[in-house]
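Peer 1: Quick note, the sequences are listed as chains Y and P, same order.
My numbering applies: residue 1 is where the first sequence begins, and numbers increase by one.
My numbering applies: residue 1 is where the second sequence begins, and numbers increase by one.
Be aware that a few hints might be false.
Claimed, not checked - Over 12 Å on every C-beta distance to chain P, these chain Y residues come out as not near it, computed from the model:
#1 Pro11
#2 Phe20
#3 Ile37
#4 Arg43
#5 Ser200
#6 Gln216
Claimed, not checked - DSS-like cross-link-like pairs, simulated, lysine-lysine; straight-line CA separation at most 30 Å:
#7 P:Lys245 - Y:Lys31
#8 Y:Lys7 - P:Lys245
#9 P:Lys129 - Y:Lys50
#10 Y:Lys220 - P:Lys130
#11 P:Lys60 - Y:Lys7
#12 P:Lys196 - P:Lys154
#13 Y:Lys7 - P:Lys154
#14 P:Lys130 - P:Lys196
#15 P:Lys13 - P:Lys245
#16 P:Lys252 - Y:Lys7
#17 P:Lys8 - P:Lys193
#18 P:Lys154 - P:Lys8
I should point out that these hints are in silico values taken from the structure, not numbers from a laboratory.
For each residue, glycine too, the CB sits at the ideal point set by N, CA and C.
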Amino acid sequence: MKNPNEKVYIPISEQKISIFAVWTEMFDEIKSSYELIWRLFLRDFIAGYKQSILGILWVIIMPLIMTSIFIFLNYSGIFNTGQTTVPYPVFSLLGLTIWQLFSSGVISCTNSLVISGGLITKINFPKETLIFSSISQSILDFIIRFIFLGIVFVIFRICPSWKIIFLPLFLIPLILFTIGLGFLFSLFNAFIHDISNLVSLFVTFLLFMTPVLYQQPTSKIYNMFYKLNIPGILIVSTRDIVLTGNISQPTLFFYSCIISILVFVIFWTLFHLVEPIVSERI
Amino acid sequence: MEKIIRVKSVSKKFCKSIRESIVYGIHDITRRILCLKTQNEKLRENEFWALQDISFELRKDETLGIIGPNGAGKTTLLKLLSGIILPDKGRIEIEGKVGSIIEIGAGFHSLLTGRENIYINGTILGMNKKEIDKKFDSIVEFADIGDFLDIPVKNYSSGMFIRLGFSIAIHCEPEILLIDEILTLADYDFQLKCFKKLNDFKKQNKTIIFVTHNLNYLLDFTNRCLLIMNGKIISDDIPEKVISKYKEIANKKVL
């Protein structure tokens with residue numbers, strides 16, 4: 001006579017880890033909490049722009065300013081962005097749009113647990129929802145930027161490849177990689193708040209190591225770093241799909257996809273297993 | 001009658017220092033990943049037992065009051081029962097949907113209106129949109145905050161906050177309701193209203209666990225009482241006896 005509503009709470013160290021049981025649990029939890037993810041997403045979206053004048057415009061102001069700075073740097077000879085196949089504003093805005101899906105996603109996921117600390121210590125709910133609602137926010141920002149990008153394409157009379165319709169498919173590995181890192185960093189950040197600053201630094205460093213604001217150099221050292229830059233490879237490949245329809249380095253893209261899936265699965269599982277230890281110390 | 005809550009020698013420890021709490025946390029996580037047993041039985045440096053060897057069982061028709069001095073572990077017990085934190089020792093079994101009001105307005109977003117917050121808070125507490133739609137009018141009516149419904153909650157008085165938060169929480173229709181000391185800030189007529197509602201709960205044979213410092217509430221409202229001091233159950237009896245014991249101890253200490 002088992003009551004389906006019966007809950008048993010035992011010390012975390014006495015819980016057995018059986019990987020398939022854990023995965024089923026994770027899956028069930030997400031399945032039953034999509035509505036909560038949606039609400040949290042809606043909350044952050046509505047509240048985020050409530051006390052601001054420019055509101056949602058901020059989403060496109062950031063990449064515009066960044067591009068303007070680099071156009072100036074290039075024009076004044078401080079920094080050479082290299083010869084790009086499409087006009088530079090199209091090149092960099094497209095790159096930045098995809099880049100920011102990654103960067104803002106990682107940063108907002110990292111902070112999500114700490115920001116909701118008050119909630120976590122007062123109400124019992126699946127903490128994964130915080131990560132998924134954070135990434136939804138970044139995906140929405142991406143969509144807004146992408147629509148704006150359409151206008152830029154028209155202004156410069158650039159026609160994207162027809163393969164652009166497969167874009168959502170090519171974004172999946174990048175999104176999985178972002179969520180994976182988000183799971184990991186959010187756990188660390190809940191412990192030690194320095195992580196949030198470190199992640200911002202790391203993301204800025206990565207931006208300069210990724211050929212989104214400049215044409216990819218051909219030097220050996222650069223290529224060595226580039227091969228380790230998983231988000232960079234995913235972003236460049238996605239940009240290739242939009243501009244030419246052909247991925248310039250398909251093998252690199254392929255192995256980055258595999259790593260992304262692994263990162264996502266491993267860090268989500270880790271998050272699920274140790275989150276109770278972290279939550280009570282937030 | 002069958003027991004609906006079974007708490008078996010549960011202990012919970014906390015760490016006094018943030019630095020050590022981080023170190024122990026990382027230590028515990030590593031052991032967890034490597035599937036090694038953690039030494040939960042012993043206290044490490046700067047740790048203390050917030051609750052120690054707590055055992056009790058509760059029938060469905062019981063209303064349990066919890067009293068004890070500040071820092072005795074009352075809220076920790078409620079958090080354990082609602083699954084917000086896990087025990088370090090022992091075992092808790094609960095049958096039925098648990099609704100807990102540990103802190104009013106946890107999850108309220110200060111920039112959003114009362115109306116928006118009803119949907120968010122309701123969802124966090126486990127309702128879906130359909131249920132909230134259905135109960136919306138009833139939630140608003142119970143909270144009775146008038147025009148403030150469409151005003152950001154940061155402009156609410158603390159009483160209004162409690163009205164709205166409490167109203168949402170009790171509309172989740174839990175089978176077991178855990179309430180921390182929260183009603184003291186509400187005005188007299190809202191307190192009356194709440195107790196009327198809680199009495200309805202009792203009539204529907206729902207279980208209520210109730211933390212309060214108002215001894216009159218315990219006498220009127222509960223049929224069993226726990227006195228917790230320094231993380232241990234000192235007394236588990238009918239309210240009259242527990243209250244007199246509590247008064248006796250307090251008097252000895254103060255006078």
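Peer 1: Against each hint, give a clear statement of whether it holds in the structure.
Peer 2: Here is what the structure says about each hint:
1. A Cβ of chain P approaches the Cβ of Y:Pro11 within 12 Å, the least distance being about 5 Å, so the stated non-interface status is violated.
2. Every beta carbon of chain P lies more than 12 Å from that of Y:Phe20, the smallest distance being close to 15 Å; the non-interface claim holds.
3. The claim that Y:Ile37 is not at the interface with chain P is violated, since a C-beta of that chain comes within 12 Å of its own (minimum 9 Å).
4. Non-interface status of Y:Arg43 relative to chain P is broken: a Cβ of that chain comes within 12 Å, the nearest being about 5 Å off.
5. Listed as a non-interface residue, Y:Ser200 keeps its Cβ farther than 12 Å from every Cβ of chain P; the least gap is roughly 21 Å.
6. No beta-carbon of chain P is positioned within 12 Å of the beta-carbon of Y:Gln216; the least distance is around 38 Å.
7. For a cut-off of 30 Å, the pair hint linking P:Lys245 to Y:Lys31 is broken: about 49 Å separates their Cα positions.
8. Taking the CA atoms of Y:Lys7 and P:Lys245, the gap is about 33 Å. The hint is violated against a cut of 30 Å.
9. Annotation: proposed proximity of P:Lys129 to Y:Lys50 holds, straight-line Cα distance about 23 Å (limit 30 Å).
10. A hinted pair counts as satisfied when its Cα atoms are at most 30 Å apart, and Y:Lys220 with P:Lys130 does not qualify at roughly 59 Å.
11. Among the hinted pairs, P:Lys60 with Y:Lys7 is consistent with the structure: their alpha-carbon atoms are about 15 Å apart, no more than 30 Å.
12. Taken as a hint, the P:Lys196 and P:Lys154 pair is honoured in the structure, with Cα atoms around 28 Å apart against an allowance of 30 Å.
13. For the proposed pair Y:Lys7 and P:Lys154, the alpha carbon gap of about 36 Å is over 30 Å, so the pair is violated.
14. A C-alpha spacing of about 26 Å is found between P:Lys130 and P:Lys196, which places the hinted pair at or below 30 Å, so the restraint holds.
15. In summary, the hint linking P:Lys13 to P:Lys245 is supported, as the alpha carbons are separated by about 26 Å, within the 30 Å threshold.
16. Only pairs whose Cα atoms come within 30 Å are accepted, and P:Lys252 paired with Y:Lys7 is rejected, the gap being roughly 41 Å.
17. For the hint pairing P:Lys8 with P:Lys193, the CA-to-CA distance comes to about 35 Å; that exceeds 30 Å, so the pair is violated.
18. The straight-line distance between the Cα atoms of P:Lys154 and P:Lys8 is roughly 42 Å, outside the 30 Å bound, and the hint therefore fails.
This entry does not satisfy hints 1, 3, 4, 7, 8, 10, 13, 16, 17, 18, going by the numbered hints stated previously.
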